[in-house]
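**Q** Residue numbers (this note's numbering), protein chains in the order written: chain A, 156 to 739; chain B, 98 to 483.
Since the hints were derived computationally from the structure, they do not count as laboratory data.
Please note that a few of the clues may not be correct.
[Said to hold, decoys possible] Pairs of lysine-lysine residues, derived as DSBU-like cross-links and limited to a Cα-Cα distance of at most 30 angstroms, are as follows:
hint: 1; chain 1: B; residue 1: Lys292; chain 2: B; residue 2: Lys150
hint: 2; chain 1: B; residue 1: Lys99; chain 2: A; residue 2: Lys679
hint: 3; chain 1: A; residue 1: Lys718; chain 2: B; residue 2: Lys306
hint: 4; chain 1: B; residue 1: Lys100; chain 2: A; residue 2: Lys718
hint: 5; chain 1: B; residue 1: Lys99; chain 2: B; residue 2: Lys286
hint: 6; chain 1: B; residue 1: Lys292; chain 2: A; residue 2: Lys188
hint: 7; chain 1: B; residue 1: Lys286; chain 2: B; residue 2: Lys150
hint: 8; chain 1: B; residue 1: Lys306; chain 2: A; residue 2: Lys188
hint: 9; chain 1: A; residue 1: Lys360; chain 2: A; residue 2: Lys283
hint: 10; chain 1: B; residue 1: Lys100; chain 2: B; residue 2: Lys306
hint: 11; chain 1: B; residue 1: Lys306; chain 2: B; residue 2: Lys292
hint: 12; chain 1: A; residue 1: Lys718; chain 2: B; residue 2: Lys150
hint: 13; chain 1: A; residue 1: Lys356; chain 2: A; residue 2: Lys283
hint: 14; chain 1: A; residue 1: Lys188; chain 2: A; residue 2: Lys718
hint: 15; chain 1: A; residue 1: Lys188; chain 2: A; residue 2: Lys459
hint: 16; chain 1: B; residue 1: Lys150; chain 2: B; residue 2: Lys100
hint: 17; chain 1: A; residue 1: Lys459; chain 2: A; residue 2: Lys443
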Amino acid sequence: MSESMPTTPGPHAVPQVAMSTMSTLATRTGSWKYQRPVYHDRVAPCNARCPVGIDIEGYLNLLREGRVDEARDLLLQENPLPAVTGRVCHHPCENSCNRRALDGAVAIHAVERMMGDLAHQRPAPVFKGTPRAERVAVVGSGPAGLACAYHLARFGYGVTVYEAAPEAGGMLRLGIPEYRLPRDVLDRDIARVTAHGVEIKCGVKVGTDVPWSELTSAYEAVCISTGAHTSRALDVPGENLPGVRPGLAFLRDVNSGLRPSLGERVVVVGGGNTAMDCARSAMRLGAKVTVAYRRTREQMPAIKEEIEDAMREGAEFVFLANPVEFREQGGRVHAMVCERMALGEPDASGRRRPVPTGETFVIEADTVLTAIGESAALQNFFTDVEGSDAGLRVDALGGTSRNLLYAGGDVTDLERTVADALGAGKRAAIGIDRHLRHHAGDTAELNALRFADGNLSAARWTGRDPVRRTAPVNDVVTPDDVNYTQFRRAPRHGDPHLPSAAAVQSFDEVNPGMPEAVAMEEAKRCLNCGVCIECDVCMIFCPDAAITRTDGGAYVIAMDYCKGCGICAAECPRGAITMTQDRP
Amino acid sequence: MKKVMVGNHAVAWGVRLARVEVISAYPITPQTQVVEKLSEMCADGTLPARFIKVESEHSAMAAVIGASAAGVRAFTASSSHGLLYMHEMLHWAGGSRLPIVMVNVNRSVGAPWNIWTDQNDSLSQRDTGWVQLYCETNQEVVDTTIVAFKLAESLNVPVMLMLDGFYLSHTAEPVDVPDQELVDRFLPKRVATYKLDTEQPHAFGALVKPDAYMEMRWMQQEAFRQVPEALAGIEQDWARMFGRSYGAIESYRADDAELLLVTSGTVTSTARAVVDARRGNGEKIGLLKIKMFRPFPTALVRDALRGVPRVAVLDRNVSPGHGGIFAEELRSALYDLPDAERPELFGFVLGLGGRDITPAVIDEIIEQTRAGTVPSREDLWVGVNP
């Protein structure tokens, strides 16, 4: 203890310097403020954009803290198939990542894949909710059906999945080639679903082997997730010639182990993921592949990495080419006549519309694989269920127009991706659970289960969200909210690739995956948008030293001193502090 | 230990020997070498101080204010526009009675833009509550830097040291570097009267109401009144240990002088040579060097100039619309001398923006002063055709 400071020396009874002689509460400078900071955890854009509804920011944060098992469990609360999505998801999370503006999006897909693979080596404990008496049937074991069954099982229901094919997986098994999604990986992820008590009856086609009416009478609820398996027709002359076939049927053959003969030159028509799968599979069967697409590369709906891989592996691309006729020679297709297109005004999808120029040209082909989209076969279902050519119509919880009949995935008229299907399955599961529990909630309550306008969170629905959030608001953090100067640059880690020359020789997985240590480093690149991670920046920057940290880690703002200057909110690296004029 | 060094490095050596604990400074010509040398010393560990990098001089002064308020010995350096940018914080340091020492390398103030020396930058800060000391040689710079801390800490007043840009800052001279052990004995670790202390928490710098503000200003004024005597005592100690002293003012060959030159800064050295030459001719010409400008050593200069017939004041500065600033201060100081004892005072404004002041220029000033019949209120601008 130093010698006491002379507070009232000299004849004037005032100190030499302007020094307080009583508590600083004598002047409550905090009373001057007209606004005050509030810790409001907000929503990271990855979470908002994830069609599955994964708390991505949450599990990346747990990884940053080295809490790997908790991160895995959080991921598995929302996504039954992380090893699958880690490989094949179109990762809108990364496209929306605020780190893009700094030095590249966090490679979330690679981290998710590492977590998915790690969960195979070190499985999470199976979670079963309090058992429920009701039973639910799920028709179709693609991602939507598996997700619906998985979540229902975790909510406590007995679930039976009916699958027409000999093995479970739907489009994951029949549509996606092995070089993107090895079958043992898929099997292990599906095994997680069955480990939760879900029964999958393969080789049973509902509507043929079992009447729909039997399902509705034997189960309290039914979820339809039968997918979309019909390749859309081009409607041009010669489409039925031998050698012209739907790409999806080709993939189904290849993915079932067949190796159809294609001839030397294969033309793939389309620019989506099915087209890319067709092109790369055909190359692996020895063909020289040309992809014909009626718009340009920019408008291709396929995942960017798939397009890059197809190009790297040697596929040739002809853009602005629209097939108008197939020509025959010797009883099978021998050439495709294309009309040269030009880009016009944007269409409903926002992409520029292809418009005909009248000019034609010819591409020679021994086989043509068409991949311009798929549609669901709806004729098989109940006549009283609303839908259109685009698929079944469902509400926000997967409910169809018929009571206790739910639907999800490609069979509905919503987005057709693996992630969207997983998200739809979860929505249907929550919808069924809510209905069977006679839980009457409102829209506001449902919105509280979402990350902003994203998908529903199963963790929030069950009240088992382990992530502590301070006064959360459903507001997505934009790049303007991020204080990039607080972050050190750290370039994104890239995916490894098999050399293309070797890759096209087999159906081995092309991307061997990021090593675990690298993926853990990548996870640390997360900016934790909108979520306080107790970095102390606010405390350091507060000019009034009005912010302190409690033993529990949370911050407390001494409102007697806070002048509402807003520096904490401006300096917060991640937009987790909001200035408000509301009174406390 | 003798070393040859430029004035800016002499500053750094003084700071190092004073065992300064916190330095925050922003580089500016012609002070940059001070910052460079100090940062090198901090980097190589010869000066175990915390060097705080900042984005401006305002922040540099704010940082050393914080450090000084926390009870440690703190230093900064600047020049010209950098010093002006500190202006608000200079007041704050003065009013907070923080014993900060800073060096200002005198440089003219733009516009017009100019990097060479004159004193307008520091003189325009005269009312900020800082002691101002103008140095003549590099030896004086080293010695005064250390002395300044002792002075500052004994009265809780900040001290600003001046050296002429380039003429001193960039001129190499032999310097007898004081022995560290002796310096440590002369200037022990600072013991702060007031400091930010978690053991005795007080808020500093809060609002002071009219009922106490004037009393605090009065105490500041009282402290400034004590500076000349305190400096004399401290310099006595310094002289005992190191054999050198400078004084708030210095009379040079002034006995029986009929004409005294009054100078500050490096012009003094030139003027000494002129005085020596004139004395060699038997002319009764001497010199008064004013080192301390604030507080103005009124009593000392009155004694030194009492009864001298004519005085020529060399001002490397100007207060536009008035005149040379030292001349004005001297007129004010001599005003209440009896008529018989009050010298005739001639003011000369010269050397602005680094213009050279040669012996020939000083010779001309001597001749003009001798020829002058009525002291001019409007100081003479040397070398400028009206």
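**Q** Against the structure shown, which of the earlier numbered hints fail to hold, in ascending order?
**A** Hint check: 2, 4, 10, 15 fail, others pass.
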